[in-house]
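The chain contents come next:
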Amino acid sequence: MLRVTNQESKARGSRRFATVRLFTRNKTALFGAAVLLFFIVVALGAPLIATHRPADMDPSLRLNKPNAVYFFGTDRFGRDLYSRVVYGSRISLGVGLSVVASTTILGALLGLLAGYFRSVDEILMRILDGLMAFPGIILMITIMAVLGSNLFNVILALTVVYTPRMARVVRSAVMVQREMTYVEAARAAGAGDLRILLWHIPRNCVAPVIIQATMIFAYSVLSESSLSFLGVGVPPEIPSWGNLLSDGKVFLRRAPWITIFPGLTIAACVLALNTLGDGLRDILDPRIRKKKI
Amino acid sequence: MKQPLLEVDGLSKWFPFGRGFLSRRRGAVQAVSDVSFTVPAGTTFGIVGESGCGKSTLGRAILRLIEPSAGRILLNGKDVTKASRREWLSLRRNMQMIFQDSYASMNPRMRVGSIIQEPLNIHRIGSDGERKERVEFLLKTVGLQPDSLGKYPHEFSGGQRQRIDIARALALNPNLIVCDEPVSALDVSIQSQVINLLNDLQERFSLTYIFISHDLSVIRYISNRVAVMYLGKIVELAGKNDLFSNPLHPYSRALLSAVPHPDPDKVRKRTILEGDVPSPVNPPSGCYFRTRCPQVMPVCREISPELAETAPGHQTACHLIGSRKNC
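Chain order of the listed sequences is E and H. The opening position of the first sequence corresponds to residue 1 in the numbering used here, with each subsequent residue numbered one higher. The opening position of the second sequence corresponds to residue 294 in the numbering used here, with each subsequent residue numbered one higher.
In case anyone wonders, no lab produced these hints; they're calculated from the structure. None of the values given here were measured: they were computed from a predicted structure. Cβ atoms here follow ideal geometry from the backbone N, Cα and C, with glycine treated the same way. There's no promise every hint is true.
[As the list claims (entries may be wrong)] Not the full set, but computed from the structure, chain E residues with beta-carbon under 8 Å of chain H:
1. Arg178
2. Thr181
3. Tyr182
4. Arg187
5. Ala188
6. Ala189
7. Gly190
8. Ala191
9. Arg195
10. His200
11. Ala207
[Claimed, not checked] Simulated pairs of lysine to aspartate or glutamate, DMTMM-like, Cα-Cα distance not exceeding 25 Å:
12. H:Lys371 / E:Glu184
13. H:Lys375 / E:Asp193
14. H:Lys375 / H:Glu429
15. H:Lys533 / H:Glu474
16. H:Lys533 / H:Glu343
17. H:Lys433 / H:Asp394
18. E:Lys65 / E:Glu237
19. H:Lys444 / E:Glu184
20. H:Lys375 / E:Asp282
21. H:Lys533 / H:Asp493
22. E:Lys27 / E:Asp282
23. H:Lys559 / H:Asp508
24. H:Lys425 / E:Glu184
25. H:Lys444 / H:Asp480
26. E:Lys27 / E:Asp278
Only chain H is shown next, with the shape it has when bound in the complex (with noise of 0.2 Å):
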């Protein structure tokens, strides 16, 4: 089997508080527990989940920006959270990152052209005529005017925002693109194009996206594989028909049957969930799904249910699919 480009092996984050002087109560958030998943080269890896499960923070954790408290990342076969400081700088260079909020994402005190040109004088890329050069090639390349260069980030639209950051992402001529949200908080018709735009960029530089949303109709459309994420954990892992067609896990059931549909006299069976997602300082034993899960068994209290293959490439972490094979 060829090496995958990216490869995420029990990556956990904690974020530790109560450290206070006095203060008697310590514990820790878990953002992200016991993650592993693996993203061939050319493919988007999409991770879709509500808000709070951890998304965001797996996708700071992958690029380092927020420090994994355990696991490995693999790049390309290289473990990343290893790497000295001088290996990391060059492998970073292959990892980067588009945001969801456009305009906090850049200093709104930089000209347009500088924000772009900052990873390659960061890198030491070429001569100064060489970036230049490079910043009004990747302008062109996102669809934005040669005289954007001079401008500062107010002066944009939101979707020529999301296209300057893409065009920062891409200066270093990166590997793999982490995308946070990139298009939450643009219009609809903006963001078709924005999707547009990463589908052929993906195309023609032969990117890897890890696509990170809470919009399942994007992720639907732009995603090869999908995770479904719930309290820090993956609950289901599929590729996209798969998943969408025949989701097995009760949670990515309920949280696809929340997706409308364009015929609104199609009868439709919605699970609806009750209650609230658990806290993440303390979470229920067992399946952390099972306080809302509308099918939990006495099991789900005690055993944590392992992400296992449930059919060919199609994970699912739920000992109601074990026990149906059983049976």
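Looking at chain E on its own, in the form it has when it is part of the complex (with noise of 0.2 Å):
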């Protein structure tokens, strides 16, 4: 019998490999990691980054231009904008990283059952192709509403919106591998429903999670400071992004810098989500990715 040697095999390096490389080639991709390792960097580090705590009043300093000591100004209660903008990502990012971390959980059950069970797909489908039928803000601002505003609250809501967005795509990634040769191989093992549908599709699914899990990210920051701003969102004690937005909106002409920081910040925070999904999707896209190797 003969040996097949794996010397050529060896050459050609494993994927894992070029997947990172792949990642620091692509500009793009890479700014948006670093503008957002940067925000997670400040939320995290927030009491060493803020100058003031962010609830501090000091009526004597009401709505202070931008200086040396507020770097982006005070508000009406003499607060410094710049800690509150600060203090705000631990919110905002929180806030989005629930959100992900929910839709995800949810959206991959749901995606994963109406992806291989055709009868459980034609239900289900239908209730989430109708909670994506209503506009997002509204429904959104209807869950609040009804439920009240509070941080628990404003997650569950953007959780209900986003949830179908999630499933959708995990369904359309399973009902593709579902029909694959593998699949059949691994039934012709011995192997059940329960282990395709757990243990071997998942696994060939992650690539559309990943890149649905960090516009998801985006829409949830921008979606969390649009409710706060409509003022039912995160209750106004707490300096979100949305809040301090909000905030500023009465004061827009005396005192723009207390609408523009905040604003500024949530844009660079959603460009920065938006830029690297756009590069994984590039990356992780097999047919993209066959050309570039």
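Take each chain as given, in its own frame, and dock them per the hints.
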């Protein structure tokens, strides 16, 4: 019997390494990741980075312009805007991450079931289509109005709105994988539906989930700000980016910095997440991938 | 007579279509219709035919990867189509499959070690250590390096991957392996290696193969008996030498006459078939082959010929043979 050597296959290198290499080469993704990392560091190190306590008021310092002590100026109660933006990153990123986690878990579960079992698909997808038919912001406002505004309900409302998106992405990925020969091979080896559904298929659906998760992160940050701006989001005493924007809208002419700095921060964060998502899509999409390697 | 390992009796598979919400048109594609044959233990049963004739469907229906629409499949005398869930799981251990596209047949995100070990995990055979030992033994058996365990399928060449596929099929120590075009995707030199490996393994583990291929020379090399399929039916079934030296059905003759001969100066009588294979949705009346048969007779339009013994161990489904006998 002939022994086959593995010499040539070694030279080809592993696929994981190629993913890392592609990532470092992709400037868009790298930029997004760097900015996001910056925000995460700011959120984690908020007490060290902030110059004042975010809730400290000083009526003598109301509506000060940005200066060397108050980098972003002060608001109508004389609170340091810079420190409030720094602390606000904890709320905004925290909400974003929680929504990403809950939509990924829920969406993956629903998507797996719908993609694999046709009977479930018919019913589940009609319900999710119904949810998606509502304009997202209206649905969120309704949920917040019914449940009342607190941090947990914001996360809940965003989860309800974004889970169908995740479920759809997972569903279509599962439907592709379900027809692959390796599923048939597993069945020939004696594997049941449960094993195929939980063991074989999920690991091949990771890429679209990661991309969608980044996008949902961006939408969540933006939506949380929108809800807070409209006054139905996070309670006003908590310095989320949306609340800061909302506080500033009254003084838009007299003290535009109250609106400008939180606004720029939200824009930068969402931009970073979107570029990261786009970059990841380019890297993880096998069709584009083949061309580049 | 010794009981055959596998007995297929009247196996049919049709795929219904047009069951949409508003669509009126209904029908079914006859992929396999009324196929019967037996395979004695330790032999290789070749199935040959052109693309779309239902040979892969037949192979999958035997393993119930596609649920057969009608017919019985007896493995060691036990009807696998009627087996309960639990019985079926233990029966399935005896029947495994080797796939045409070895790359597609392996989960790209699993390492080779766990791919080969998976059947053992599913059927809970042995301790973890014993399973690992078995996987190493299997790798050695199919001629791969032990360090292949930690690698992913894409790190191997086509021939190596086919060996991995074979190792996985052997893991449960089956009696019967359905080989669905196992060498069609490989280079000719690698083809012979894999076929020789299959032959070695058959001897060593007393395996029985159902070997599906469109390649007549491969079929001729490996099979003991060969069935020729056309449009979901077996048109001729005979021992390898008998079929290749004396094909009786006009379709088999046409098929065999298309095999290239090593000697280019040899004068050959080639039978060239006209037209296309009819649609399996709407097959012709009577004999399915009559639309392309060079020796078509009026009776072919009326009556579908039965697969009947025309010589000892040689079955043919053609009116021509019967009429010749009657003359």
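Here's how the hints hold up against the structure:
For Arg178 (chain E), the suggested interface contact is broken, since its CB lies about 13 Å from the closest CB of chain H, more than 8 Å. For Thr181 (chain E), the interface hint holds, since its Cβ comes within 8 Å of a Cβ in chain H; the closest pair sits about 4 Å apart. For Tyr182 (chain E), the interface hint holds, since its Cβ comes within 8 Å of a Cβ in chain H; the closest pair sits about 5 Å apart. Interface restraint check: Arg187 (chain E) against chain H, minimum CB-CB distance 6 Å, threshold 8 Å, status holds.
With its C-beta approaching chain H no nearer than about 5 Å, Ala188 (chain E) sits inside the 8 Å limit, and its interface hint holds. At a threshold of 8 Å, the smallest CB-CB gap from Ala189 (chain E) to chain H is about 4 Å, leaving the interface hint in force. For Gly190 (chain E), the suggested interface contact is upheld, since its CB lies about 4 Å from the closest CB of chain H, less than 8 Å. For Ala191 (chain E), the interface hint holds, the least distance from its beta-carbon to any beta-carbon of chain H being 6 Å, beneath 8 Å.
The interface hint given for Arg195 (chain E) holds, since its Cβ lies 7 Å from the closest Cβ of chain H, which is under the 8 Å cut-off. Given hint, His200 (chain E) at the interface with chain H, holds; its Cβ is 5 Å from that chain's nearest Cβ, closer than 8 Å. Using the Cβ-Cβ criterion of 8 Å, the hint placing Ala207 (chain E) at the interface with chain H is not satisfied: the shortest such distance is roughly 11 Å. Annotation: proposed proximity of Lys371 (chain H) to Glu184 (chain E) holds, straight-line Cα distance about 23 Å (limit 25 Å).
For the proposed pair Lys375 (chain H) and Asp193 (chain E), the alpha carbon gap of about 20 Å is at most 25 Å, so the pair holds. This hinted pair does not check out: Lys375 (chain H) and Glu429 (chain H) have alpha carbons roughly 36 Å apart, beyond 25 Å. Distance check on the hinted pair: Lys533 (chain H) and Glu474 (chain H) sit about 18 Å apart at the alpha-carbon level, within 25 Å; holds. At most 25 Å may separate the alpha-carbon atoms for a hinted pair to count; Lys533 (chain H) and Glu343 (chain H) meet this at roughly 18 Å.
The straight-line distance between the Cα atoms of Lys433 (chain H) and Asp394 (chain H) is roughly 22 Å, inside the 25 Å bound, and the hint therefore holds. Among the hinted pairs, Lys65 (chain E) with Glu237 (chain E) is consistent with the structure: their alpha-carbon atoms are about 22 Å apart, no more than 25 Å. At most 25 Å may separate the alpha-carbon atoms for a hinted pair to count; Lys444 (chain H) and Glu184 (chain E) meet this at roughly 22 Å. For a cut-off of 25 Å, the pair hint linking Lys375 (chain H) to Asp282 (chain E) is broken: about 50 Å separates their Cα positions.
For the given pair, Lys533 (chain H) sits about 19 Å from Asp493 (chain H) by alpha-carbon distance, which is consistent with the 25 Å threshold. As the CA atoms of Lys27 (chain E) and Asp282 (chain E) are separated by approximately 11 Å, the hinted pair is consistent with the 25 Å bound. For the hint linking Lys559 (chain H) to Asp508 (chain H), the alpha-carbon distance of about 21 Å falls within 25 Å, and the restraint holds. At most 25 Å may separate the alpha-carbon atoms for a hinted pair to count; Lys425 (chain H) and Glu184 (chain E) meet this at roughly 24 Å.
A distance of roughly 23 Å separates the Cα atoms of Lys444 (chain H) and Asp480 (chain H); the hinted pair therefore holds under the 25 Å criterion. Under the criterion of a C-alpha separation no larger than 25 Å, the hint pairing Lys27 (chain E) with Asp278 (chain E) is consistent with the structure, at around 11 Å.
In terms of the numbered hints stated before, the structure departs from hints 1, 11, 14, 20, listed from lowest to highest.
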